[in-house]
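Each chain, letter by letter, is given below.
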Amino acid sequence: MQQLQNPSSSEAAPVLKIQAWLVEQIAEVLSIDAATIDVHQPLTRYGLDSIDAVTLVGDLEDWLDLELPSTLLWDYPSIEKASAYMVEEFDVTVD
Amino acid sequence: MTLTQYQLAEKLEQALGNPQQADSRMSFQHTAELDEAEQFPHEEIAWLYNWGLQDYYIPTECGGKFTSFEEFVAFVRVLARRDLNISIAFTTLFWSFLTWMAGSDEQKKKLSHLMREEHAAMCLSYSERGHGSDLVGGSVTATKVEGGYLLNGEKWPINRATISDITFVLARTDPEGGNRGLSLFMVEKKDLNPSQYYNLPKIKTHGIRAADMSGIGFSDCFIPDSMLLGKKGHGLELGLKGFQITRALCAAFSQGAADTTMRTTLNFAVNRKLYSKTVIDMPHARRTLTNAFLDMLICDCVNIGAARGFHVATDQFSVWSAVDKYFVPVTLEQVMKETSVILGSRFYMRDEHDSGVFQKALRDSAIISMFDGSSVVNLHVLILQRRQLAKARSRIQKKPDKLAAVQARLAQSFSLSADVPTFEPNRLELISRGADDVTQGLEGTIAKLETLRESGDSTLDQSVLSQLIDLAQIILEEIDAQDALVTESAFEHGHEQSFESFELAKQYCRLHAAIACILMWMYNRDNAELGEFFAKGEWVVLSVHRLLSHFRMDLNAPAGAYYENVAQELLQLHAEDKMFSIVPFQLAQLSTQAANTQFTYQEDTTHATAPEPQFI
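Residue numbers (my numbering), protein chains in the order written: chain A, 1 to 95; chain B, 1 to 616.
Okay, chain B solo, but in the shape it has when bound:
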């Protein structure tokens, strides 16, 4: 892979080995055993530190190797496709971005040292038992005393509350301070008096059973002034901005899990014979898996675009990260559910077929659409900004200079061969002021497609291009209609939003996703690294068609050959052990010995005729 931002993911893949192979590190078999035993993956996490992965959570200016969120989401997928216990437990390190964003030079230096040299881990102590996602309503207090603060109260449920070295605590420093009455602290637990804090027991969970899901309590716990992160009273603002970062990154967990459920299903579908046919050759199964693959490609366009856009359109991330965090996990949950039908009863088994990895990935990933802001929270964030988005979109059409700037940012956000600027967390804003380049640049995007059509470029499939322009026009009509509806309706503030508003916000996410697909194709079709399948663009016609079918029932059906070509690509990526992605980087392959064993196994299952058990 010549795209340098994917080389780390490939390197990590090779170091970890093929997870289907029982003797590989983080194999499906071993991680299933840890999960069943509800044992925290200490050894696997220690291996990742020794490999040096923590360096990629630390910006280069702070002594680490982080330069790109696109690189970041790629390596998180590599971890997540093996096991979400390990990937989620290790990736709590992304909370360090709170310090990179708001910490003093001394705090940054200290945290960088702790992560790199002492292999420190961290957790985020925001939630409280009685307050859910209402951060302002929290009851943990930090009372000012000489030289520091006294912490009181409990945080729960907190991932890695017990097995961590640092906890970021949001606490009320001013009872009368309202939204400016909360402060954020970077608390190093070894500096606390052990008698002044305690941990709450591990919580038993449906998925990620090996996780340290617990809590932490403080009783007049003294913390020095040096642990205050950012300005006193700025905790809520920092917390909300920090969520914009982590929400966009969470989607990569779902992508890794979906890759595995697809891969294990194909392991079955290409070998299993029923009625003298293999499962994959049955029309329903083939189309179901093809559609699931298309959904995965759509999610790629959204999440890779967002990962790059973070560096470019940072101040718009209250919108982009809400779209990403709602759309990708929820779409991929549905992908897994639909894929499970093809695997049949095996999807439900905990110790059969690739060590029962399907059911485990299904259970583990169910939490992703919930944590760091649930789907409802993210849709709510969009609803509150929806009227501004509509007004700003209308205004910007009259400002050619601003439209040109939108097009320039889109080119940088979506062209994978373009360099992205250094991420500047201080450019994050609580609201985007009505800006969303993806939707606001649609007219310009359509104009670029029209120019392509007129160019007579012989490398372009004119039929694909014509269909894409027609579909893009429908997206435009739908956005115009939604903007008009939002502008004309009475605007509800706060938490009194109607069910219909949430449905409209979901539709906005789908329209944003459809445009992201077009942009990804348009800006990368010339990139030879992505291959002929990507360049031809049939997949993007099907993807946009699929998203728009939520809006219109009467769309012209795309050619059946397009679906077959997507199915062929899916099978080829499976056969070659490549990521199911628009950037199909190489995954670890089976060792020769393991491949022979696997072949024998496949031969056996090819002739399997045992009836499926009934679960009635």
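Here chain A stands alone, though its shape is the one from the complex:
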């Protein structure tokens, strides 16, 4: 089952939206069922390789219209960690 983190701060909405976006993208990239993705687990566990992770950051940048470190998903290797980092560091707004 998809387990989205449920932060209690005012940042909750963007964090959840980014998490949902990443879950959807990774499910598509890896051709797996989104419901099986646990946001706490390292992405490598689902078979996301190094270059896919960098490419996905490019897609994230497109979506958020924001420049991010290309190694973001190497440094924050779970959906939970990456989403939290983006909201904390980049003042992300998600429509």
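Do not rely on the hints blindly, as some may be mistaken.
Counterexamples of contact, computed for chain A against chain B with all Cβ distances above 10 Å [said to hold, decoys possible]: (1) A12; (2) P14; (3) K17; (4) E24; (5) A34; (6) D38; (7) H40; (8) L64; (9) E80; (10) Y85; (11) E88; (12) E89; (13) V92.
Which residues of chain A face chain B? A few of them, derived with a C-beta cut under 8 Å, are [as the list claims (entries may be wrong)]: (14) D49; (15) S70; (16) D75.
The set of hints was computed from the structure by calculation and includes no laboratory data. Beta carbons: idealized from backbone N, C-alpha and C, even for Gly.
Let chain A serve as the given structure and place chain B on it in line with the hints.
Structure of chain B alone, referenced to chain A:
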């Protein structure tokens, strides 16, 4: 040559002498003997150190003389046209850029000293027998212990694994660390306990037979903390960025080899008489060699543009270096294959006609499209970024300030008389964020051509310009069509890319190359140093036409006179011993005595009538 970035190459040429001359250093005869004997070229490499060439691999701020990749690729061509064993073995020094990029001040100082004063050589220990180009999957480990790490495992196949002083080792420092679990070490072998590491035997290879192609193994081998390069866990990132540097430089090896295969073929074609004509006067042979020369000029535009662009558009090199490393070696492999037809059976001989240098260059250069990331790896890098490139190209058209910045960078990247800024390796990025100035600046490039046409400049050939604008419009249509296709298609990640995606990536390389030709001409046609042939621009019409013929069968055929003028330039460069290049710098000429001997030889072969052996 007044272009200062080519003066070092000319100086090295003169110091080495003409390789056709048996008594010159690194002559075709001597390097063939080394290759046949599979002997590492110790003396030749020692000569290069004594000459001081290693200084040009070390940035000035680190105590060396490196300032420009354009200068670098020019002198690598000078080495490579003689022998790829020597040039590849010596040029493993370019791995020092890993230290210039990520090393501490102390590590930089140490490496600079080792290279300059102790003539140290190095190798890159990334590959492993069971993992190929999958760096993350590597099984060599570096386990943390007090004061350092214990290395375990084997690296193979590694060029100069045995005959080197320093090895850059990529090893896993954190079993659970994923992409951040690999670290890079600059290992000085003399500081290791000899009982804790060993070398694997020399591997017999098809080409570069004199190379030290071997391996290295570690058994609980202690290395101190001071050998860690950059941050712990950053090895993969450094490794991938380092490849962006070396991939673009590898193309120069192919260019040197292609220069030699063309030169030795012309040595034959301008003298050999068949059916009362010289070979070069036969239409098929003449056009074949002309087309091969055009391909060499195209590769020049790509590689010289990339060498300069490194300093200017550094953050785009995940794209530029992939284009360069795929396009140039593969194109020049084809050039050699097509040229071989003109040389006939001599291309296959190991001890005839210029000491059998054609077959040797052919064998030796076959590895270039494979090492430091194969053609498949480079096309894959492009495929993964292709959708971003299309989106970014669409977005940037609405941003005039960004387009103006693209044009400014292109002018600096392609104008050979412009200074380039100091190369800053820390500006390298794993992905280009959709940027490729060459393709994204095309509309601006066409506008500049239109302005030229309207200027009424009497030095311009209006017919050339009109044809170039028409061809540039076709490039634009093709890029638009490819961008639309890529944007609309389902995007595949990872290693599941279709055959068609690889074909599209090849086409992207050709379009990038075609624009590079136009840019090179446009920004240098006024440069008197490049000569009248360059300025007139017929070659660029033919080059772009040649590249676009991969896309369209119905292009208008260029004038036959253009081909003849390119053929004349080729013959003139051959007669004057100049590099087959858009920058035709002077090569070493035969000494008077050797020239007389050569003349006698040519007279003999002029009347040769012996039938070609049959290889059936």
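Hint-by-hint comparison with the structure:
| no. | hint | result |
| --- | --- | --- |
| 1 | A12 | holds (27 Å) |
| 2 | P14 | holds (22 Å) |
| 3 | K17 | holds (21 Å) |
| 4 | E24 | holds (13 Å) |
| 5 | A34 | holds (15 Å) |
| 6 | D38 | holds (16 Å) |
| 7 | H40 | holds (15 Å) |
| 8 | L64 | holds (13 Å) |
| 9 | E80 | holds (15 Å) |
| 10 | Y85 | holds (14 Å) |
| 11 | E88 | holds (19 Å) |
| 12 | E89 | holds (17 Å) |
| 13 | V92 | holds (17 Å) |
| 14 | D49 | holds (6 Å) |
| 15 | S70 | holds (4 Å) |
| 16 | D75 | holds (6 Å) |
Checked against the numbered hints above, the structure violates none of them.
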